[in-house]
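Trainee: Sequence:
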Amino acid sequence: MQQRHLGPLKVSTLALGCMGMTYGYGEVHDKKQMVKLIHKALELGINFFDTAEAYGEDNEKLLGEAIKPFKDKVVVASKFGIYYADPNDKYATMFLDSSPNRIKSAIEGSLKRLKVECIDLYYQHRMDTNTPIEEVAEVMQALIKEGKIKAWGMSEAGLSSIQKAHQICPLSALQSEYSL
1 MQQRHLGPLK VSTLALGCMG MTYGYGEVHD KKQMVKLIHK ALELGINFFD TAEAYGEDNE
61 KLLGEAIKPF KDKVVVASKF GIYYADPNDK YATMFLDSSP NRIKSAIEGS LKRLKVECID
121 LYYQHRMDTN TPIEEVAEVM QALIKEGKIK AWGMSEAGLS SIQKAHQICP LSALQSEYSL
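The numbers in the sequence shown follow the UniProt record's numbering, run straight up by one, and end at 180.
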């Protein structure tokens with residue numbers, strides 16, 4: 001499997017998105033089968049795995065369990081900024097919130113669920129029009145200095161926001177919707 005650099009990270013050219021494992025596309029899949037799938041991806045050279053707080057608590061927990069024996073061989077991306085009134089009900093009310101306090105709460109929750117001390121790549125899931133992007137970038141800069149994340153990125157963001165954020169804390173990745 002070929003690899004690429006995303007800022008300080010070396011990742012496989014393909015990532016395994018974990019959303020559909022516990023949330024999203026139809027029925028929830030058998031946990032043991034999903035762990036086997038993650039292990040098979042590793043065996044095939046995929047070292048880059050994508051999850052999010054918005055995919056429900058079980059998603060990050062599943063990935064954390066699956067990668068436990070391989071922590072130093074994998075790159076984990078997670079996302080903040082979207083959460084649900086009930087984190088395990090995809091039909092519950094959805095909130096966009098990238099305020100500094102919400103980000104700090106989200107990172108602690110993700111670290112705990114993934115059972116890691118540092119998230120490799122932490123994305124802002126969607127733009128929050130109530131929080132200036134400069135504030136978000138400052139929090140990302142602080143999280144990098146604290147060793148809670150290695151790099152950060154933005155998902156579904158526009159050029160102006162990307163430029164403003166990058167001036168404060170350089171971005172390593174941009175994520176746009178594309179599924180195979």
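No lab work stands behind these hints, which were simulated from the structure alone. Computed from a predicted structure; not experimentally measured. Keep in mind that the hints are not guaranteed to be accurate.
[Said to hold, decoys possible] Mimicking PhoX-like on lysine-lysine, the simulated pairs with C-alpha atoms at most 20 Å apart in a straight line are:
1. Lys61 to Lys115
2. Lys36 to Lys10
3. Lys112 to Lys164
[What the hints assert, rightly or not] Taking CB as the label site, the calculated pair distances span:
4. Lys40 to Lys164: 37 to 45 Å
5. Leu174 to Asn130: 16 to 24 Å
6. Lys112 to Lys145: 18 to 26 Å
7. Met94 to Leu37: 37 to 45 Å
8. Asp86 to Pro8: 14 to 22 Å
9. Glu27 to Gly147: 34 to 42 Å
10. Glu57 to Pro8: 26 to 34 Å
11. Pro170 to Ala92: 29 to 37 Å
12. Asp89 to Glu177: 16 to 24 Å
Glycine included, every Cβ here is placed at the ideal spot set by N, Cα and C.
Trainee: Given the range 29 to 37 Å, decide if the beta-carbon distance of Pro170 to Ala92 lies inside it.
Mentor: Roughly 35 Å apart at Cβ, these two residues keep to the hinted range, so it holds.
Trainee: Does the Cβ-Cβ separation between Lys112 and Lys145 fall within 18 to 26 Å?
Mentor: For Lys145 against Lys112, whose Cβ atoms are near 20 Å apart, the range 18 to 26 Å holds.
Trainee: Hey, Lys61 versus Lys115, does the alpha-carbon distance stay inside 20 Å?
Mentor: holds, 8 Å
Trainee: Quick check: does the Cβ-Cβ distance between Glu27 and Gly147 fall within 34 to 42 Å?
Mentor: Roughly 38 Å apart at Cβ, these two residues keep to the hinted range, so it holds.
Trainee: Is 16 to 24 Å respected by the C-beta to C-beta distance linking Leu174 and Asn130?
Mentor: holds, 22 Å
Trainee: Within 37 to 45 Å or not, the Cβ separation of Lys40 and Lys164?
Mentor: Holds, since Lys40 and Lys164 (Cβ atoms, about 40 Å apart) stay within the stated range.
Trainee: Is 26 to 34 Å respected by the C-beta to C-beta distance linking Glu57 and Pro8?
Mentor: holds, 28 Å
Trainee: Just to be sure I understand the hint, the distance between the Cβ atoms of Asp86 and Pro8 should be within 14 to 22 Å; is that true here?
Mentor: At 36 Å between Cβs, range violated.
Trainee: Take a look at whether the Cβ-Cβ distance between Asp89 and Glu177 falls inside 16 to 24 Å.
Mentor: holds, 22 Å
Trainee: For Lys36 and Lys10, compute the direct alpha-carbon distance and say whether it is at most 20 Å.
Mentor: violated, 23 Å
Trainee: Go ahead and decide if the range 37 to 45 Å is satisfied by the Cβ distance of Met94 to Leu37.
Mentor: The hint (37 to 45 Å, Cβ to Cβ) is violated, given that Met94 and Leu37 are roughly 27 Å apart.
Trainee: Verify the proposed pairing of Lys112 with Lys164, using a straight-line Cα cut of 20 Å.
Mentor: violated, 30 Å
Consistency note: the structure conflicts with the earlier hints numbered 2, 3, 7 and 8.
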